[in-house]
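So the protein sequences, as listed, match chains A and B. For the first sequence, our numbering assigns the number 1 to the initial residue and increments by one for each residue that follows. For the second sequence, our numbering assigns the number 1 to the initial residue and increments by one for each residue that follows.
Since the hints were made in silico from the structure, they are not lab data. Worth double-checking, as some hints may not be accurate.
Which stretches of chain B does chain A cover? Using the computed rule of at least three CB atoms under 8 Å from a CB of chain A, they are [unchecked claim]:
no., segment
1, 2-11
2, 35-48
3, 117-127
Just so you know, even glycine gets a beta-carbon here, dropped at the ideal spot from N, CA and C.
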Amino acid sequence: MAKELVVLEQRLLERNDTRAAELRRRFKEAGVLVVNLMSSPGAGKTTLLTATLPALSPEPAAVVVGDLATDNDARRLCTATPWVRQITTGTVCHLEAAMVEEAIARWDLTQLRYLFIENVGNLVCPASFDLGEAARVVLFAVTEGEDKPEKYPPILHRADLVLLTKSDLLAPLGFDVQRFVASVHRVNPKVPILPVSARTGEGLAAWLDWLRVLRGAWLSGSDERVRARLQLPERVNHEDQRS
Amino acid sequence: MHELSLAHSLVEILVEQFRERPNVRITTVYLRLGPLAGVVESALKAAFAVAALGTLAEGACLRIEHAPAVVRCRSCGQEQSFPTNAETDHDILLSSLVTLPTVCPACGALSLDLVHGDELELVAAEVVDG
Chain A
1 MAKELVVLEQ
11 RLLERNDTRA
21 AELRRRFKEA
31 GVLVVNLMSS
41 PGAGKTTLLT
51 ATLPALSPEP
61 AAVVVGDLAT
71 DNDARRLCTA
81 TPWVRQITTG
91 TVCHLEAAMV
101 EEAIARWDLT
111 QLRYLFIENV
121 GNLVCPASFD
131 LGEAARVVLF
141 AVTEGEDKPE
151 KYPPILHRAD
161 LVLLTKSDLL
171 APLGFDVQRF
181 VASVHRVNPK
191 VPILPVSART
201 GEGLAAWLDW
211 LRVLRGAWLS
221 GSDERVRARL
231 QLPERVNHED
241 QRS
Chain B
1 MHELSLAHSL
11 VEILVEQFRE
21 RPNVRITTVY
31 LRLGPLAGVV
41 ESALKAAFAV
51 AALGTLAEGA
61 CLRIEHAPAV
71 VRCRSCGQEQ
81 SFPTNAETDH
91 DILLSSLVTL
101 PTVCPACGAL
111 SLDLVHGDEL
121 ELVAAEVVDG
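Excised from the complex, chain A in its bound form (with noise of 0.2 Å):
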């Protein structure tokens, strides 16, 4: 039996990559910015939602979230938004481009301005799986210390913000916001980051103002997928405003 070599040059994400960048021409096409939403497991990232919506109110905005179990998110989530998906993964620790694909089938995108991507708590996987958006946020809570990006780097490759949640926190936690931003800019050394906190509504002007300049960017750029390198105020980049 003789040996053959056989060269294939392909992307193992090749399939998933492609079903992305079709999502993302339809996002664009209707006027939807999607933003994928990446962190831990109790982070905030449904919290963030529930006062992320009736803030961007009226502009519609829809929420597609995955977890391996339950759609306690999604009913959390309904009375924000009518327009909610839960993905239920099973063990499946990510979501890929096809569930979404599938999860926002029955919507007319033109309705929409916003789409959030609530992605499977999980600081690992979902880093390599492409969804269609047009930015990637991660969210680190303050509860996590402040070496957590550093020790999770892939996340953070191709994040577009950061959001420091659970802000509220920092005072009685003692939190060291400088080392959490140097933990970052460690592993990317340009994205912005913003602390927020969805109980006393620190931050969530900026992260509002941050969608809608990069909804406006995102619909005029020639770009398929932008890069979202806005910046945000100095005083939020750096150093957190009560320290």
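Put chain B on the given structure of chain A with help from the hints.
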């Protein structure tokens, strides 16, 4: 655990590529893996062995070539390569072994783009007709 999804994608690609050659059996699969791909090699190998069961790739050996990470400066265009350490135990997450610089070593600008390093590519397959 996303390695299992990746292994399934790999097997799907192989099955499709050799659809026209039903008698082929794959003995070795060559992959290219960047240090920033976020993949654990041993997990991928274990997952591949399972995903390949009952297919033309069952029992095939998975050979992994480690590609370097390369950054390019947006200001001066200088490229810099960060080879993965072949002596290092690849059983841990590779990305933790590469710390990318924040400033360009040539001009000092803070504008480095990643050009290579997140590769996860099927390079070739060694097959026998049988």
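Hint-by-hint comparison with the structure:
1. 2-11: holds (count 5)
2. 35-48: holds (count 4)
3. 117-127: Holds: 10 residues of the segment 117-127 of chain B have a Cβ under 8 Å from chain A.
Consistency note: the structure conflicts with none of the earlier hints.
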